[in-house]
Amino acid sequence: MSAPDDIIHQPVRLRIMAALTALQPEAEGLDFSHLKKLTGATDGNLGAHIDHLAKARYVTVEKAFVARRPRTTVSVTAEGRRAFEKHVAFLRSVIDGGA
Amino acid sequence: MDATQAADALGEIEALRIATRRSLAYRLASAKLILWGAIVAVADFMTYAVPVHAGRIWLALTAVGVIGSGILGRRMARNGYGPVWRIFAGFALFFAFGAFWSIGIGHFDGRQMLAFWPTLVMFGYCLAGLWLGRVYIILGLAVAALVAVGYFALGPAYPLYLAVVNGGGLIVCGLWMRQA
Numbered sequence: 001m002s003a004p005d006d007i008i009h010q011p012v013r014l015r016i017m018a019a020l021t022a023l024q025p026e027a028e029g030l031d032f033s034h035l036k037k038l039t040g041a042t043d044g045n046l047g048a049h050i051d052h053l054a055k056a057r058y059v060t061v062e063k064a065f066v067a068r069r070p071r072t073t074v075s076v077t078a079e080g081r082r083a084f085e086k087h088v089a090f091l092r093s094v095i096d097g098g099a
Numbered sequence: 001m002d003a004t005q006a007a008d009a010l011g012e013i014e015a016l017r018i019a020t021r022r023s024l025a026y027r028l029a030s031a032k033l034i035l036w037g038a039i040v041a042v043a044d045f046m047t048y049a050v051p052v053h054a055g056r057i058w059l060a061l062t063a064v065g066v067i068g069s070g071i072l073g074r075r076m077a078r079n080g081y082g083p084v085w086r087i088f089a090g091f092a093l094f095f096a097f098g099a100f101w102s103i104g105i106g107h108f109d110g111r112q113m114l115a116f117w118p119t120l121v122m123f124g125y126c127l128a129g130l131w132l133g134r135v136y137i138i139l140g141l142a143v144a145a146l147v148a149v150g151y152f153a154l155g156p157a158y159p160l161y162l163a164v165v166n167g168g169g170l171i172v173c174g175l176w177m178r179q180a
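Line by line, the protein sequences are chains H and P.
Quick note on our numbering: the first sequence kicks off at 1 and runs consecutively.
Quick note on our numbering: the second sequence kicks off at 1 and runs consecutively.
Worth double-checking, as some hints may not be accurate.
As the list claims (entries may be wrong) - Straight-line Cα separation of at most 30 Å, DSBU-like style, residue types lysine-lysine; simulated pairs:
1) P/LYS32 - H/LYS37
2) H/LYS37 - H/LYS63
3) H/LYS36 - P/LYS32
4) H/LYS86 - H/LYS36
To be verified - Residues of chain H clear of chain P, computed beta-carbon distances all greater than 12 Å:
5) ALA18
6) ALA19
7) SER33
8) HIS34
9) THR39
10) GLY44
11) ALA48
12) ARG68
13) ARG69
14) HIS87
15) ARG92
Stated by the list, open to error - Per label pair, the in silico range of CB-to-CB distance:
16) P/ALA153 - H/GLU85: 32 to 42 Å
17) P/ALA77 - H/GLU85: 18 to 28 Å
18) P/LEU10 - H/PRO25: 14 to 24 Å
19) P/TRP85 - H/GLN24: 13 to 23 Å
By construction, these hints were calculated from the structure, which means they are not laboratory data.
Please read all numbers here as calculations on a predicted model, not as lab measurements.
Virtual Cβ for every residue (Gly too), placed ideally from N, Cα, C.
With these hints in hand, go ahead and build the complete structure from the sequences.
The structure is reproduced here in structure tokens:
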């Protein structure tokens with residue numbers, strides 16, 4: 001029987017992971033402001049949840065200057081992608097009555 | 001967690017994945033729209049200012065646009081939207097089709113050329129919009145309609161009008177897509 005992923009289960013982190021895993025594995029990731037718009041989270045809230053996911057090694061955070069402006073890009077790791085797929089499988093098993 | 005909560009979570013995941021893919025595609029395409037909007041606006045303005053050189057101006061600026069699209073296409077390729085050669089192949093097919101009808105068969109004059117190419121491009125946008133999102137369909141129909149209205153309603157100022165509605169339309173749409 002599959003189990004929920006306690007890190008991904010939280011709603012904002014679920015939205016972050018859903019957005020990041022929608023990209024192709026070779027994609028560049030999403031910048032912070034784009035992710036903020038997609039998830040509807042506030043700056044502080046989003047930053048805290050990204051830190052949480054980064055500590056679990058589900059995402060990587062890259063900071064750079066583009067056209068003299070700071071830019072933070074968040075990407076999902078292979079480990080994060082696997083964890084998310086497992087969590088989705090758990091959700092499906094709940095619907096199917098298997099959990 | 002019960003089945004209803006799980007279904008809600010899955011529904012939210014699916015909605016976010018669709019929104020993310022669409023939003024990223026819009027953002028990646030926006031730079032190209034702005035580039036072509038600027039090229040079209042300059043070319044139309046130059047056509048009005050120095051009509052004897054219109055053909056050469058359009059050829060040179062179109063070449064700039066194709067090269068620029070190839071450079072911008074590298075970022076799209078890195079994000080899984082297909083290899084860059086498809087962009088060049090798309091342009092080649094598009095220009096071959098347009099030239100076949102406008103030059104080979106139609107023998108269009110300058111004014112007809114000015115109306116034909118943007119409406120052909122906008123037809124392509126409408127088709128692409130069936131897969132990429134309705135903003136392309138709205139842009140395609142709106143600009144094509146304005147190009148047609150100007151063709152019948154305006155005199156020598158037609159190229160200037162096109163610089164605003166065609167070039168400006170692409171730029172405005174590109175700016176909107178950048179923040180989508």
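Mind listing which of the numbered hints don't hold for this structure, in increasing order? Violated hints: 5, 6, 7, 8, 9, 14, 15, 16; rest satisfied.
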